[in-house]
Amino acid sequence: MITSPYCTIGPYFPYSFVDGLEDLTKFGEQSARGQRIEIRGRVLQEGNLPTRNSILEIWQPDANGVFRHSLDPRCREADPGFRGWGRSRTDAQGNYWFRTVMPGAYAAEDGRPRCPHINLMILAIGLTRRMVTTIFFADNPEQVSDPVLDCVPMEARNRLFATKQSGQADDCLSYRFDVILRGENETPFFLD
Amino acid sequence: MADYQPYDDKTQLARKIDRYPLSFTRNPSAPLIARPLTLSERTGPTGLISELGAVDKLDLSRASADGPRAVGQLISVFGRVMDEDGSPIQNAVIELWQANSGGRYIHEMDRTDTPIDPNFTGEGRLVTGPDGQYQFYSVKPGAYPVLESGWWWRPPHIHFSILGPSWMTRYVTQIFFPGEPLNETDLLLNAVPDRDVRERLIFEFDSTSMGAVNSISFKRDFVLRGRRQTPALH
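These protein sequence lines are chains X and F, in that order.
Oh and the first sequence: position 19 is 19 in my numbering, straight run, nothing missing.
Oh and the second sequence: position 28 is 28 in my numbering, straight run, nothing missing.
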């Protein structure tokens with residue numbers, strides 16, 4: 001059968017479908033295990049202009065690199081206090097935020113290790129389909145080998161790494177990740 | 001394990017649309033990058049039904065279960081969510097949002113002077129049943145003008161956001177009503193390469209089917225990406 005056509009999310013996605021889902025560290029009544037991190041950034045369009053009211057969603061493994069999904073052979077070990085999925089929206093300046101845990105590394109199906117990362121998708125007015133990319137975490141990005149990252153042209157790879165910020169509070173590490181939909185230092189996006 | 005191929009552009013809307021400037025300033029200039037799909041991309045969130053409060057019976061035609069009916073034509077909307085093999089997708093979460101019968105959203109970005117209907121929120125979450133089926137009641141949304149981007153009228157439509165079994169099946173769209181004159185001029189609905197694709201964005205009017213006796217029924221099935229993987233040839 002033929003896949004249904006995507007269409008833009010438009011400007012009126014209800015705030016009630018978003019607010020509260022920025023924090024992935026609580027699921028049901030439980031709290032997640034692992035290093036708390038906060039990711040903040042902006043979603044920008046051509047000319048470095050902010051996009052207001054973009055919707056961002058993330059999906060990631062828990063602190064031990066386990067996905068709470070039946071395809072993961074370690075599914076039963078998944079952290080019951082970690083939702084793994086979150087949603088945020090940009091304000092008038094294009095700012096978004098997530099609070100989550102540092103994703104664990106894991107071995108891909110072929111045994112190659114996957115660098116700690118978070119899958120990210122962006123929906124917005126003007127985009128008839130979602131845009132997908134990946135946020136990577138590493139102290140030395142140039143030393144990372146990862147089957148997805150290795151598809152990205154060398155000069156653009158650095159743009160997929162979250163930047164550690166100096167300030168931190170409540171044992172929570174701060175990271176920055178800007179999404180540049182179009183323009184200078186454009187974020188690499190994957191064929192979807 | 002499911003096999004997920006990139007969307008065939010022929011089945012989708014164009015990315016860049018004339019007279020829709022944001023489609024030019026927000027779509028990347030660099031080509032999209034092909035990548036392998038590992039566990040990370042093939043898996044996706046589970047356990048969201050209770051977390052998001054998705055229900056199997058939804059009536060958007062009232063703001064509360066025992067409240068008065070919203071203004072507008074009562075409609076019943078139904079269909080199935082399935083994969084590319086036609087297999088039903090159970091427990092998909094469907095998020096719905098729409099304008100009221102006058103064409104007004106309850107949203108700070110909606111600056112039209114059309115009144116809000118106190119008996120209508122225009123948003124709700126559903127979960128699909130064992131056959132991938134869903135059904136909800138609502139009132140038919142009104143058309144509304146787009147005040148930016150050079151004035152055009154949006155025909156009546158309902159927004160659907162579907163969380164399927166995988167990160168790869170995440171899906172968002174808008175579904176239109178058959179026979180609306182504004183369908184002929186909508187920039188989005190007409191940003192499709194062929195007539196078949198356009199039809200998949202429009203409800204089928206159903207004169208015979210389920211729904212309360214005083215509602216008009218509209219049907220729309222959804223096919224999410226993914227098919228059962230065929231064994232590799234040796």
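FYI, nobody ran anything at the bench for these hints, they're computed from the structure.
Beta carbons: idealized from backbone N, C-alpha and C, even for Gly.
Just to be clear, a hint being listed does not mean it is correct.
[Claimed, not checked] Per label pair, the in silico range of CB-to-CB distance: (1) V55/F to R74/X: 29 to 39 Å; (2) P80/X to R69/F: 21 to 31 Å; (3) W151/F to Q35/X: 42 to 52 Å.
Hint by hint, where does the structure go against what was stated? Just the numbers, ascending. Number 2 only.
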